[in-house]
Every structure is written in structure tokens, then in C-alpha cells.
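Quick note, the sequences are listed as chains A and B, same order.
Each residue of the first sequence is one higher than the last, beginning at -17 in my numbering.
Each residue of the second sequence is one higher than the last, beginning at 583 in my numbering.
Hints in this document: simulated from the structure, not taken from any laboratory.
Glycine included, C-beta positions come from ideal geometry on N, C-alpha and C.
One should not assume that every hint holds.
[Claimed, not checked] Derived contacts from chain A toward chain B, CB cut-off under 8 angstroms, selection only: (1) Ala13; (2) Arg130; (3) Ala175; (4) Ser179; (5) Thr182; (6) Leu183; (7) Gly218; (8) Asp220.
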Amino acid sequence: MRRSLIRWSLFLLAAAVFSLPLVSWAQLTKADLDSRLKMESHVGNITGHAKDGAADYHRYCEGCHGVRGDGNGEVAQWFDPPNFPKPRDFQLGIFKCRSTPTGTLPTDQDLYDAISRGFDRSGMPIWNTFTKQERVDLVAWVKHFSPRFVSEKPGTAIQIPPEPEVTAERVKAGREVFARVQCWKCHGVTGEANGPSASTLQDDLGRPIAAFNFTEGSRPKCGDTDQDIYRIFMTGLDGTPMPSFADNIKPDEAWDLVFYLRSLMREPSKEKAIAQQLGLKPVDPNAPAPTQ
Amino acid sequence: MKTQYKFVAVLSTVVLIACAALVHMPQVNAAGEGKITGTVKLDGPPPHMKGIDMSKDPYCVKANANSTPKMENVVVGASGGLENVVLYISEGLSASALAEKSTTIPVFDQKNCVYTPHVLAMDVGQTFKVETSDQTAHNIHPNPNPMTGNIPWNQSQPPGAPPVEKSWKAPEWIEVKCNIHPWMHGWFAVVKGPYATTDANGNYTINNVPPGNYTVTAWQEQFGTQTAKVAVAAGGAAKADFTFKSK
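Just chain A, with the same shape it has in the complex (with noise of 0.2 angstroms):
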């Protein structure tokens, strides 16, 4: 009797003493949840909240992106990477289109951009059908899948300045900073996606990725106004090897970049007119590397 008296109260005592970090434990992931359903999103002068976004989720993204929001749905065996990109893993936290710097969450904003547009040369559709307040519902929505957006805020969004005139010097000197950063390495010299690198490109999960090819008439997956390419290239696509020259190309350079960029692709612009008069030639992959 006495015995199993004083077992049991050892018992009991040691559930008492391991039980209390369990408690807390318990209590913190109940309020990580809770402030996760509670996420909101703003755009604009409109609130999103994310439980207002969670049916349209399940009608319309669940089967791509799952339940979980892992980017395990149904039918996401189906995507054959590179040239159908898996979708998205919400959890992760982490997003190609960004107007904040590498490393850092995306805006509301860009979200919503996203989501609107849609990514070519992917199976993410456009979902420009929704009005706007269910589409900011829906940024909560898959805000709410990643610990991150509790614990973090987004980037500071860089700034761009205001576009420039289109300029034959402007178009040759962006040909220079293509050089000089070496683009070519991954996009190719004609921007045809077959650098020396491109053939070995993988995402951060390991899958197979290609680089942008400047030349078949597609449209980038993050926008494909002279302001949406100028924020690609200075902020990179997080998951991809896609990198952030912000550290590397100047503000102004930056714009001249984009004008060369616009004389590689294949619709007609001011600026493929100005390369074919100069008679641009595609840069030099052995030139010796000009430092900046």
C-alpha cells in the first residue's frame, strides 16, 4: 500500500515536471495558429482576411497547390519541371515575384500582381475573373500557410526611379552592363537561354529550371512592363538561380539594362529598332571581364 502510494505520487511528480514544457509548447503553436488564421492582407485601401479567402482556395487552388498549401495537390504530380515549374510550396515562405529585396517576404501587393497576372510558361493560371477584395482575401489566404508572415515583415519595396528616354547611347551602354555582370552566362549572349550555365540550372528544391529566353516572344513571369523588368533583375527570383544584381548594376545603369534587354526580345520596340541601326552585336563571352 505504502509502496505503491509513493510510486504513485513519484508518478504523478514526474508527469507534473515533463508535462509543464509540453504545456506551453501546446499554448504557442494554439496562438501561432490562431494569429495565422487571424492574417490579414492590404492592398490599396482594401483588407484581406484569410478566412474569407479559404473557400475560393479550395475551389480553385487546392487542386495545384494542396491543402496544406505545399504545393502538393492532386495534380501537381503532373508538372514536369523545367518546362512546367511545380507549384508553389506557400509553407516555404518564399516567392519569385518580388518588389522587395532578395531574402525577404514579398508585399501584399505583390502577391495580389501575381496572383491577377498569373505566370506564363507555367500551369498558374491567370485569375484576373476574381473581383478585387476576393483576390486580397485570397493573398491572406496563402499568407497564412507560412510561420514566416507571423514572425516577419516584408522587405522595404525598392525604389525606381523615374524611366528615361529611350536613347541609342542608353541601348549600347546597357549592352556593357550585360557584359559586364555576365547575364550571358546563364541567358546567353542573344538571350536565347543557352549560356554556358544554363544547361545545369536547378531550383532550390533541386529540380531541373531554364533561364528566361529573351527571344520566343513569352512573357516573364513577374510582369513584363519596363518597371516589372527592371524589379526583376534588382531584386532576383528567390528559389531560383535567378540572382540580385541590386549591390551591382546603378539605378540609371539599371534603366539602360532594360533597354537592352527590350532589343533582345522578339516584339518590335524603339529599342530593337535603335540595336538594329547601330547594328549591336551580341557581347563578347571571352572579352577579358571589365571591373566595375
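Take the given structure of chain A and dock chain B to it, following the hints.
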């Protein structure tokens, strides 16, 4: 009955005091700091390291014209010493010792199209620097698990690029890659507290260790971890040697 209650009461007190002691480790000041030294060796034949084909980039081929670059997953010195092993204190450091941050800035260089050093160790929150000595463009792309709190980033470093300065939030073995040169492969070894990396002979010294009893962990990228217990006396040097077995 009474004795049982007494027993439980005494036991509870003991547990409580033990918990309090754990939370409130004695404060130690820097004066009596000791160190942990030792050698890490490889037992058995060193695994074959593949040669690197750098023909993607003529600059890299030229830069290595007088050497035969090899993978560096396992680097063994003349006397069997293992290079690039990271040593750190995995148990026993007080909160105040952990709070002490080194002001040195470890440097990771991209030189002749390889990372030097191959493994860069650092403390959580410690600033480190990535430089390039090369006349070809690299992109520096660490790939941590974002669930740890460490967030991946990817920055280009063309010739003459300014250094990139960063730090990491959580302990993790972070793989570093260059997508332009797929053979480039290195590590950021992020640990909590003082650390050391073995030299070409497998020797190491962890400095600034307050007196106490510790578990030292040795980490090697291919062989994993090993641990040893040491006792550091005030101003003294404790010794911990490790041997990894190659299969």
C-alpha cells in the same frame, strides 16, 4: 502516511532547485576563460574525391592551370588529420556565455572558382562577409531550410563586386552554391557560441571557453557528428580528440 508526504515534499524541492539552477546558471566572467583543443583524424583510406571539370568557364580553367582541382567533401592531411571539421560546444554553455558575441567577421572568398574556406563556421547572429577575388561572375546562393528561421537569398557577384555582409538567425548546416559554376559547393556552419574549424592537419582550438563541463561536437559534412565530454578549468586547456571512420 507522513513519511510519504515528507518524501514527496523533499523530492519536489530538489526538483525545483535543480530546475532553478538550470535556468539560472552561475554568471562567469571572461577572466578565467580556458580553451578546448584537439585533433580530428580520419581512420581508414580517404574516400576518392572527384576531379572538377571547369570547362564551362575558360577563366576557371586558366585560374587552375597549375593544379588539379578536386571536390572537397573530405580533405585529409599528411598525418590523417581531417580538415574543415567544425567544433563547437553543444551542451553546457550558460546563457551569459551564449550571449557573448564575437566581433570578428569571418570571410568567405570566391577564388579560382572554388570557395575558400570550403566550410565557414560562425555564431548565430555573427556578421560574416562574402568576397570575390575572381575575374568571372559568381552568384552566391545559400540554401537553408526556411523553417529554421534562416532565409535563403541569392546575390550576384560579378568581377570587382563589393562584399556581401550577412548573418544567420538559427544554428544550421547551410549549403552554399553558385548556379553559374555548379561544381562550387561550400558550407556556412552556423552554431551557438564559440567554435573552431580544423586546419590542414586536423588541429583545432576553441578559445574563450568559461570554466565548466561541456559536450563538444565535431561536425564533418560527409561523416556527420561526434561528441565528447570535457571539463574546462579556469584558464586551462581541455583536450578532445575525434576519429571519424571512412567506410
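Checked hints:
1. For Ala13/A, the suggested interface contact is broken, since its CB lies about 17 angstroms from the closest CB of chain B, more than 8 angstroms.
2. With a least beta-carbon distance of about 7 angstroms to chain B, the hint placing Arg130/A at the interface is held under the 8 angstroms criterion.
3. Checking Ala175/A against chain B by beta carbon gives a least distance of about 14 angstroms; that is not within 8 angstroms, so the hint is violated.
4. Contact between Ser179/A and chain B, as hinted, is supported at the beta carbon level, the nearest pair being about 5 angstroms apart and thus within 8 angstroms.
5. Look at Thr182/A: its Cβ gets to within about 4 angstroms of chain B, closer than 8 angstroms, so that hint holds up.
6. Using the Cβ-Cβ criterion of 8 angstroms, the hint placing Leu183/A at the interface with chain B is satisfied: the shortest such distance is roughly 6 angstroms.
7. Annotation: Gly218/A was flagged as interfacial toward chain B, and the flag holds, the nearest CB pair being 5 angstroms apart, inside 8 angstroms.
8. For Asp220/A, the interface hint holds, the least distance from its beta-carbon to any beta-carbon of chain B being 7 angstroms, beneath 8 angstroms.
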